[in-house]
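Protein chains: 2
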Amino acid sequence: MSRFLSSEAKRLDPYTPGEQPRDQKYIKLNTNESPFPPSPKVLEALSRAEAEKLCLYSDPTCAALNAAIAKRCGLRPENVISGNGSDEILAFAFRAFCGEGRGAAFADITYGFYEAQTALFGLEARRVPLREDFSLNVEDYLDFPGTVVIANPNAPTGMTVPVPEIRRLLETNRDRVVVVDEAYVDFGAESCVPLVREYENLLVTQTMSKSRSLAGGRVGFALGSAELIADLNRVKYSFNPYNVNRLSLLAGAAAVEDEEYFQSCCRAVRDTRAWTMEALEARGFTVLPSSANFIFAKSNRVPGGELYRRLKENGILVRWFDKDRIRDLCRITIGSKEQMEALTEQIDRLLAGT
Amino acid sequence: MSRFLSSEAKRLDPYTPGEQPRDQKYIKLNTNESPFPPSPKVLEALSRAEAEKLCLYSDPTCAALNAAIAKRCGLRPENVISGNGSDEILAFAFRAFCGEGRGAAFADITYGFYEAQTALFGLEARRVPLREDFSLNVEDYLDFPGTVVIANPNAPTGMTVPVPEIRRLLETNRDRVVVVDEAYVDFGAESCVPLVREYENLLVTQTMSKSRSLAGGRVGFALGSAELIADLNRVKYSFNPYNVNRLSLLAGAAAVEDEEYFQSCCRAVRDTRAWTMEALEARGFTVLPSSANFIFAKSNRVPGGELYRRLKENGILVRWFDKDRIRDLCRITIGSKEQMEALTEQIDRLLAGT
Numbered sequence: 065m066s067r068f069l070s071s072e073a074k075r076l077d078p079y080t081p082g083e084q085p086r087d088q089k090y091i092k093l094n095t096n097e098s099p100f101p102p103s104p105k106v107l108e109a110l111s112r113a114e115a116e117k118l119c120l121y122s123d124p125t126c127a128a129l130n131a132a133i134a135k136r137c138g139l140r141p142e143n144v145i146s147g148n149g150s151d152e153i154l155a156f157a158f159r160a161f162c163g164e165g166r167g168a169a170f171a172d173i174t175y176g177f178y179e180a181q182t183a184l185f186g187l188e189a190r191r192v193p194l195r196e197d198f199s200l201n202v203e204d205y206l207d208f209p210g211t212v213v214i215a216n217p218n219a220p221t222g223m224t225v226p227v228p229e230i231r232r233l234l235e236t237n238r239d240r241v242v243v244v245d246e247a248y249v250d251f252g253a254e255s256c257v258p259l260v261r262e263y264e265n266l267l268v269t270q271t272m273s274k275s276r277s278l279a280g281g282r283v284g285f286a287l288g289s290a291e292l293i294a295d296l297n298r299v300k301y302s303f304n305p306y307n308v309n310r311l312s313l314l315a316g317a318a319a320v321e322d323e324e325y326f327q328s329c330c331r332a333v334r335d336t337r338a339w340t341m342e343a344l345e346a347r348g349f350t351v352l353p354s355s356a357n358f359i360f361a362k363s364n365r366v367p368g369g370e371l372y373r374r375l376k377e378n379g380i381l382v383r384w385f386d387k388d389r390i391r392d393l394c395r396i397t398i399g400s401k402e403q404m405e406a407l408t409e410q411i412d413r414l415l416a417g418t
Numbered sequence: 065m066s067r068f069l070s071s072e073a074k075r076l077d078p079y080t081p082g083e084q085p086r087d088q089k090y091i092k093l094n095t096n097e098s099p100f101p102p103s104p105k106v107l108e109a110l111s112r113a114e115a116e117k118l119c120l121y122s123d124p125t126c127a128a129l130n131a132a133i134a135k136r137c138g139l140r141p142e143n144v145i146s147g148n149g150s151d152e153i154l155a156f157a158f159r160a161f162c163g164e165g166r167g168a169a170f171a172d173i174t175y176g177f178y179e180a181q182t183a184l185f186g187l188e189a190r191r192v193p194l195r196e197d198f199s200l201n202v203e204d205y206l207d208f209p210g211t212v213v214i215a216n217p218n219a220p221t222g223m224t225v226p227v228p229e230i231r232r233l234l235e236t237n238r239d240r241v242v243v244v245d246e247a248y249v250d251f252g253a254e255s256c257v258p259l260v261r262e263y264e265n266l267l268v269t270q271t272m273s274k275s276r277s278l279a280g281g282r283v284g285f286a287l288g289s290a291e292l293i294a295d296l297n298r299v300k301y302s303f304n305p306y307n308v309n310r311l312s313l314l315a316g317a318a319a320v321e322d323e324e325y326f327q328s329c330c331r332a333v334r335d336t337r338a339w340t341m342e343a344l345e346a347r348g349f350t351v352l353p354s355s356a357n358f359i360f361a362k363s364n365r366v367p368g369g370e371l372y373r374r375l376k377e378n379g380i381l382v383r384w385f386d387k388d389r390i391r392d393l394c395r396i397t398i399g400s401k402e403q404m405e406a407l408t409e410q411i412d413r414l415l416a417g418t
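Same order as they appear, the protein sequences are chains W and D. Just so we're aligned: 378 in our numbering is position 314 of the first sequence, and the numbers increase by one with no gaps anywhere. Just so we're aligned: 269 in our numbering is position 205 of the second sequence, and the numbers increase by one with no gaps anywhere.
Please keep in mind that the hints were generated in silico from the structure rather than gathered at the bench. Where hints are given, some of them may not hold.
Which copy? The list can't say, so a pair holds if one copy fits it or any two copies do.
[As the list claims (entries may be wrong)] Straight-line C-alpha distance at most 25 Å; calculated SDA-like pairs for lysine to any residue:
#, residue 1, residue 2
1, 89, 141
2, 362, 255
3, 387, 297
4, 74, 167
5, 362, 379
6, 117, 332
7, 105, 263
8, 117, 104
9, 74, 188
10, 387, 374
11, 117, 383
Make the full structure from the sequences, and use the hints.
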């Protein structure tokens, strides 16, 4: 920290991304990436001819990408904004809809980035405890006057809020924005996208990092009423007009257009998730019900921190949060079947040694 | 604008990027892009094998790219931060070093983004008029207690501040940060990068959008003391940890390593700039002395707005700012020799008709 750091920046609470150690080769089950490469259509789109055009700026309006997303979601391009990952879009939303005296509410156990981003804009954050079983009670949010942010499915739990509950949240107070972060929705949860046409106070964010195998391409997007999207563009053009690069625009559009590949990847993740949950439960684990491409699990014999460390020593990375309420659990990404078999073998060895 | 927009976001003053019309094919001399494709080494780096890895997140620390930049600049990796274009880095700097009671000062005629970004964080902005001849007087900034931002060369003028003057600015008040935005430095201005080791209050930003033909790849970076860079990372990890995508990391590193190609592109731009300045002056234009890949020029017969419109009607886009003090001028990017010949031919036709 330099002596020039502003008091506003001192109050920041930066996010810690999942580790990416380089000392050895790991089976990476710690950042919820897809075990599958991007669609062959994405690889085709990233041609040498397109790379040669990198001397030209990308389209700041992201027109082709937004049109592809809109078509796939049954909406219009003016209902879509694309970003450098959905993290960027979430930041735009906090700036657009929150301010002095108008903070944001989110769960105590959820994506750590909401906390970091509210601090970025000096916003008041209300952390609402999940129930004991990690389910979210929408009653807790009904009175809150500011922006409500709900990850659905939630991370790191993988658990969902039923869409009728979110509808209730939208209807109870139509004077506030409800952001539903659907980063993991494609792995088995019901989406709120069909509600976009009904509620002008709903913003749904999604990402291509997980179900579309483009984590390294950084493409996220949000869906909402044309007015909400215009607000987000107002922030974008004050921050970084050319926020999505040329190749990511192409990759994103190609990924959205390959429905078959997308469905087959999601199906494989769901199948492997079911297999993994069963395998872990057979080994004495408690696994939260997951609709995401990860599971949140607790061994009846090895504490969370120890499980994380022992797996890492043996070449498998999972994510452990040294945080109240969830210190006993580990978040494990659903990788390929082979990777999950390697995980269970390692757990067998570990349990045999305890 | 929706009724949910916060009062903070209402006060934003979004930047308008150079137009990218799609109704016909234009000679684009309006966004200061390079007329040359990226280095062949960049094209090689963007292989199919790398595209297949897009399912994995990019390295949030940008280690390989930062190392390549550091090596090229004679600094250490901890003196470098990379971003999704230098626009992003500038936003990080405003958040890191400014705040309540600690605003930013910049020229009245300069890159429009400083204005937009100070508004993003609700900062006080002092706009300091350039001299009548558009040169910058550092005296005007000596007393300012907040962050000083100087584009050097400046946009849209192309004019420079001599490095000893910037040194004076750094020395007069060592308790404030001076940001030198060197987006255009490679086309003939002296860089402040060698001063980074001397002054802990200096931050130099650069971009690969212009001299390295990567506008569409979105790679910018900043150089400063390890402490200043740590401050910027604090903001980055509160905003978007994976801010640079995988392919841009590779493209950026390859571009920095191809010194020969870089030098030949810069040389070609300088040669074409000299040719264009002479050609325009021969046609009665006044051209400001430019050290950038654009010139700022005024006809003695056609007003700026009309020149812009007439060129556009004839398939050539230049940039015109409908703004006090510079309404008479057009900013013209230095394209290829052929493009500049097309420009002068068009101007000849236009002048013959007046």
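Hint check results:
no., hint, in the structure
1, 89 / 141, "between (42 Å within a copy, 24 Å between copies)"
2, 362 / 255, "neither (28 Å within a copy, 56 Å between copies)"
3, 387 / 297, "between (35 Å within a copy, 23 Å between copies)"
4, 74 / 167, "both (19 Å within a copy, 16 Å between copies)"
5, 362 / 379, "within (19 Å within a copy, 65 Å between copies)"
6, 117 / 332, "between (36 Å within a copy, 19 Å between copies)"
7, 105 / 263, "neither (34 Å within a copy, 49 Å between copies)"
8, 117 / 104, "both (21 Å within a copy, 12 Å between copies)"
9, 74 / 188, "both (16 Å within a copy, 19 Å between copies)"
10, 387 / 374, "within (19 Å within a copy, 64 Å between copies)"
11, 117 / 383, "between (39 Å within a copy, 21 Å between copies)"
When the structure is compared with the earlier hints, violations turn up for hints 2 and 7 and for no others.
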